[in-house]
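A.B. asks: If you want the building blocks of each chain, they are given just below.
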Amino acid sequence: MTTEHDSTTTADDRSEATPLLTVENLRTRIRTERETIYAVDGVNFTVDRGETVCLVGESGSGKSVTCESLTGIVPQPPAEIVDGTVEFDGRRLLEATESELRTIRGSRIAHVFQNPQSALDPVCTVGDQFVEAITIHEEISPAAARERAIERFRAVGIPRASARIDDYPHEFSGGQRQRIAIAIALAADPDLLIADEPTTAVDVTVQARLIELLQGLTDGGMSILCITHDLRVVAALADRVLVMFGGTIVERATTEQLLTQPSHPYTQALLDSYDGLSRRADRSARGEIPTDGCRFRAECPHAVDVCAGPDQPTFAAVADREHHAVSCVHFGPEGDPEPILDDWREMRPISGGQQ
Amino acid sequence: MGTSPDPHRFEQVDWNEVGHSRRFVTPARAVFFAGVVLLVGLYVLQRVDTVLLGVYFERIDWVILLGTVVLTSGVIVPAVRRRELTRRVLGRLVSRPIHAAGAVFLGVLSLVAVVGPAVFGSPDLMFQHRFHAPYGFTGEASWSAECLGEVTDGEGITRYCDGTMTYPLGTNHRGHPMGHLVVEGARTTLYVLVFTAAFVVPLAAAVGIVAGFRGGRIDDLLMSYVDVQLCIPAIVVFFIGYMYWNVSLLLLLVMFGLLSWGGIARLVRSETLQRREDGHVLVARSLGASPFYVAKRHIVPNITNTLVPAIFHLLALLVLVEAGVAFLGFHHLELYSWGSTIQEGLDPSMTGVGLVVEPHEVWWVSTFPAIALTLTLVSLKLVGDGLRDALDPRRNH
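Chains Z and V are the protein sequences, given in the same order.
With this note's numbering, letter number 296 in the first sequence gets 296, and the count goes up by one each step, no holes.
With this note's numbering, letter number 323 in the second sequence gets 323, and the count goes up by one each step, no holes.
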């Protein structure tokens with residue numbers, strides 16, 4: 001196929017130097033009868049082999065649509081991927097046909113979704129669903145498939161796996177179902193796991209175990225793109241973090257950089273909101289999020305006129321650190337980031353004292 | 001993790017090969033093609049006047065044979081391949097006696113309909129034995145020229161003729177044994193069931209699923225067509241066909257069958273619309289499943305809750321429609337439908353040439369087919385409900 005010849009690098013170069021996944025200028029719109037929502041509006045990021053990248057942001061910031069756009073499982077219509085490139089292991093996914101994408105889904109890129117209650121087909125045994133994830137992509141004998149199912153269910157911590165693979169989803173607890181969903185996603189040994197809030201719908205103790213489970217996966221060389229708004233997940237899992245707001249990425253940093261020095265005003269507000277004590281009394285109620293310039297400018301205490309500029313502010317490094325960049329005019333060549341950084345210094349001691 | 005030691009196997013995948021060549025020959029398809037080839041072979045043989053098995057097949061027989069092939073490849077082969085599941089479902093179906101009774105009745109009905117005509121053959125017309133009472137009952141001896149049982153004297157000149165084991169269920173005005181008529185009616189009923197299950201139900205389900213799953217313009221188009229179709233009364237179309245073509249069971253099945261699936265299609269569509277938003281459908285898509293696969297493996301099994309009773313309701317409805325049309329007399333004369341037999345029993349003075357016979361005096365002519373018809377309808381409803389419960393793994397008896 002044509003996409004195969006597009007890339008000029010050889011396979012060896014690719015695995016060493018280029019990231020597993022490169023997303024450039026991804027734009028996904030959702031058309032409804034009344035309006036067009038710019039759900040993902042120019043997103044760039046990379047995921048390296050064996051790396052865990054977390055995508056954080058509030059509900060509606062475009063995290064899920066971003067991830068579902070990568071393999072084209074976002075429902076089209078109403079959604080429409082209008083622009084951008086997604087390069088996965090040398091292959092451009094947005095130009096691939098639906099049947100090409102189907103061979104990638106599951107076998108190379110797998111998804112785990114938020115709600116374990118609905119992730120499994122209620123009329124199908126969990127073993128059958130696991131086997132199905134393999135047989136979609138490869139021929140496998142029933143006995144071998146069953147053996148692999150038992151082995152993987154055991155690996156994700158389902159007790160008495162060999163007896164339980166013939167059970168139906170309603171016979172498992174929520175945490176077990178999410179483990180099974182993860183086992184099914186991993187059935188065909190994908191290279192990239194896209195986990196969309198995998199721990200949100202389960203209780204706290206189960207969350208901790210799921211995080212451990214996901215941590216173990218990257219040791220095997222798998223990459224994880226994890227959507228979350230739980231900072232504990234970020235701290236435990238992520239190598240790098242991307243902060244999304246209004247369909248754009250506003251800050252990218254390593255986990256440590258982000259947690260110690262959040263630099264975008266939105267990131268600061270997001271982190272500040274985790275203990276539930278808002279120290280910004282003047283925070284305005286959420287209105288319409290703008291679709292140009294800096295999306296956060298309506299709520300940003302540091303907003304200036306240039307924030308409204310037609311394009312998203314270009315990324316600028318924070319204090320010359322590697323990996324840490326922020327899309328804010330104050331960090332640009334003419335801006336002065338100090339007032340923003342001071343804000344965090346003011347917030348931090350208080351919240352630090354609270355914890 | 002195990003099976004992919006080569007990180008670059010991706011480059012070796014030939015995209016055109018994948019998804020097209022693999023598993024084209026499934027057991028179900030193999031059986032279907034083998035069946036069709038067999039039928040074509042039989043048809044050719046019959047055309048060159050080599051009648052096998054001593055049976056001459058009419059056009060309706062060919063259609064029903066094709067329907068049998070469709071049902072075998074679509075239902076029986078998958079059921080045999082997934083023996084465990086089939087056994088579990090059947091076990092749950094017969095776990096309630098009333099559902100078990102319905103299933104047994106339908107089984108016996110099918111068996112009798114298939115084997116009966118071959119075993120009993122088609123008896124000659126015995127006008128001299130007309131209106132014989134069933135065994136253990138008596139009828140007026142003057143109705144028939146020859147009484148096989150004991151003749152007892154009644155008031156005045158009236159004499160009564162006892163029923164005999166020659167005709168255990170009695171005879172009708174032509175001297176046809178009632179047992180034969182009930183068996184022939186069972187065959188007609190089985191034809192209706194097979195035709196509906198093999199052609200009408202898949203059509204309805206396919207239209208509903210495509211409309212619900214694809215949505216958009218295809219949905220609008222299909223559902224507008226269904227709306228139009230639901231407005232056309234099948235019986236009027238049938239009578240128009242009746243005027244211009246030879247009346248036959250096939251005409252009835254085609255007219256009523258092909259105009260009556262709109263309701264199921266609508267039902268399936270609305271269920272599909274709900275189900276396609278389910279998380280597990282998204283999961284299946286994220287695992288690389290094709291829309292057809294998702295529909296087959298994850299949509300259809302989840303809508304059996306409404307689909308199965310609706311199908312059995314349609315089956316019962318068409319059996320009743322066939323009986324009703326035959327009752328009205330718009331049936332093929334050589335086709336002994338339960339409906340036409342009931343009519344003969346209820347209006348004997350029309351058919352019993354030159355005799356004054358009250359319907360209640362020859363009650364057996366209408367009663368036995370009516371019992372068979374009623375039991376069939378009740379069994380269909382019971383099995384429909386039982387199967388729905390049995391197919392739902394969340395319902396534990």
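Just so you know, the hints here were simulated from the structure itself, not pulled from any lab data.
Misleading hints may appear alongside valid ones.
[Said to hold, decoys possible] The following residues of chain Z were derived to be distant from chain V, with all beta-carbon distances above 12 Å:
#1 35
#2 81
#3 215
[What the hints assert, rightly or not] What the simulated footprint calls covered on chain Z by chain V, stretch by stretch (three residues with Cβ under 8 Å from a Cβ of chain V suffice, anywhere in the stretch; the number is not a length):
#4 71-77
#5 110-116
#6 132-141
#7 176-186
All C-beta atoms, glycine included, are put in the ideal place defined by N, C-alpha and C.
A.B. asks: Which constraints among the numbered hints does this structure fail? Numbers only, ascending.
C.D. replies: none
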